[in-house]
Amino acid sequence: MSEVKKTAFFLICFLAGIASFGNDSEAEKNLTEKGLPSYHKYLKQAGDTQNYVGSESRAKCHSDIYDEWKLSQHARMIRSVEEIKQTVPIPFNELEVSEDKIIMVLGSHYVHRFVAEHNGRAVVLPKIWDIRENRWLETYDYGWQSKEYTKECAGCHTTGFSAENECFTEPGVGCEACHGPGEKHIKTQNPKDIASRHSLSPEKLEMVCISCHTSGMDNSYTYSFPVSYRPGDDITKHFSGLTPKPGQTAENFSGDESYEDRLRQWTFLKPRLLLASGLTCDYCLNFRNVKKKNEGEYLTYNQYCMTCHSDKEDHPEQSPGTDCIVCHKPNRHLNGSLSIHDHKFRFE
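The working numbering applies: residue 651 is where the sequence shown begins, and numbers increase by one.
In short, the hints are calculated from the structure, not lab data.
Glycine is no exception: its CB is placed at the ideal position from the N, C-alpha and C atoms.
You can take every hint at face value.
Straight line, CA to CA, 27 Å or less: simulated DSSO-like cross-link-like pairs of lysine-lysine:
{"#": "1", "residue 1": "Lys854", "residue 2": "Lys834"}
{"#": "2", "residue 1": "Lys834", "residue 2": "Lys710"}
{"#": "3", "residue 1": "Lys735", "residue 2": "Lys694"}
{"#": "4", "residue 1": "Lys694", "residue 2": "Lys720"}
The calculated label-pair distances, taken between Cβ atoms and stated as ranges, are:
{"#": "5", "residue 1": "His712", "residue 2": "Glu749", "range": "33 to 39 Å"}
{"#": "6", "residue 1": "Asn701", "residue 2": "Tyr792", "range": "37 to 43 Å"}
{"#": "7", "residue 1": "Thr838", "residue 2": "Gln795", "range": "43 to 49 Å"}
{"#": "8", "residue 1": "Ala813", "residue 2": "Asn952", "range": "41 to 47 Å"}
{"#": "9", "residue 1": "Ser960", "residue 2": "Ala813", "range": "43 to 49 Å"}
{"#": "10", "residue 1": "Phe742", "residue 2": "Thr957", "range": "38 to 44 Å"}
{"#": "11", "residue 1": "Ser713", "residue 2": "Pro739", "range": "31 to 37 Å"}
{"#": "12", "residue 1": "Lys834", "residue 2": "Pro739", "range": "41 to 47 Å"}
{"#": "13", "residue 1": "Arg782", "residue 2": "Met956", "range": "19 to 25 Å"}
{"#": "14", "residue 1": "Lys887", "residue 2": "Val747", "range": "36 to 42 Å"}
{"#": "15", "residue 1": "Lys837", "residue 2": "Pro739", "range": "43 to 49 Å"}
{"#": "16", "residue 1": "Glu746", "residue 2": "Ile715", "range": "37 to 43 Å"}
{"#": "17", "residue 1": "Ser851", "residue 2": "Cys958", "range": "19 to 25 Å"}
Could you build the full structure based on these sequences and the hints that come with them?
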């Protein structure tokens with residue numbers, strides 16, 4: 651190659667690099683209505699992925715459901731620092747990185763976690779903010795610097811996550827997280843082209859919740875969520891770790907606070923009374939059954955249980971019978987500061 655051609659070649663590469671840098675900067679300034687970057691160097695949001703089209707596309711035909719979803723914790727699973735600052739007095743200066751490194755805030759009901767840029771990767775910081783008590787909780791995740799958000803969390807905190815390019819369609823838990831890709835359904839208007847509680851068996855319906863509310867690894871052992879699972883699939887073909895650790899059974903299994911021991915293992919839940927009776931998670935945890943600000947307080951745990959179990963008021967002497975979950979859904983966190991409860995519904 652002649653000197654003239656070499657000079658021209660390097661000049662073209664240099665100009666292309668400048669153009670690319672400029673485009674990234676402009677893209678990062680393009681904010682969504684939630685105040686989140688529509689594109690980030692470490693967390694990429696695509697227009698659509700794998701036939702996912704976003705929750706707003708459902709609003710036209712399902713406006714009542716969409717409006718209820720917008721108020722749910724699922725819809726508010728990911729928010730910007732600016733939005734959180736308006737309602738929560740978090741001392742961001744006490745985090746492990748400076749505030750300008752924080753990409754987004756996770757959580758909407760009990761706690762907030764913080765995703766930040768650290769050494770060229772998006773990671774979840776170890777500190778947890780207790781929303782109800784307005785204080786920090788310390789975690790034991792001392793290896794946080796090496797754990798990437800996209801590998802550990804993205805599949806359950808975004809919608810339409812693709813392992814091929816690690817892009818997502820929508821921040822937060824959108825409609826398609828539980829109903830599957832909606833492009834075909836929107837085109838055909840056919841109920842058969844979308845997963846719903848009317849089209850799925852109780853077991854398949856339960857798997858939708860279990861896909862994110864249990865612990866395990868995808869079959870490639872790369873992601874801490876079933877990256878290839880879609881609502882309606884058999885989750886056991888996409889996820890490993892749905893059984894207890896070696897030597898443990900349903901009888902001797904107890905949580906030790908680690909992520910893999912949250913007593914939500916599918917192997918234990920499947921034969922239990924709820925699924926055996928045709929009842930699934932949403933019987934107690936209907937995300938659409940949200941309270942408006944003018945509707946007063948939520949029911950307490952006891953009040954909620956007693957809506958079905960009012961005939962169970964008699965308890966053995968000296969038992970904590972006035973607090974249902976102490977025995978029937980005990981907290982398994984070591985010091986009780988986090989809401990990690992046994993879901994076997996077995997008396998202890």
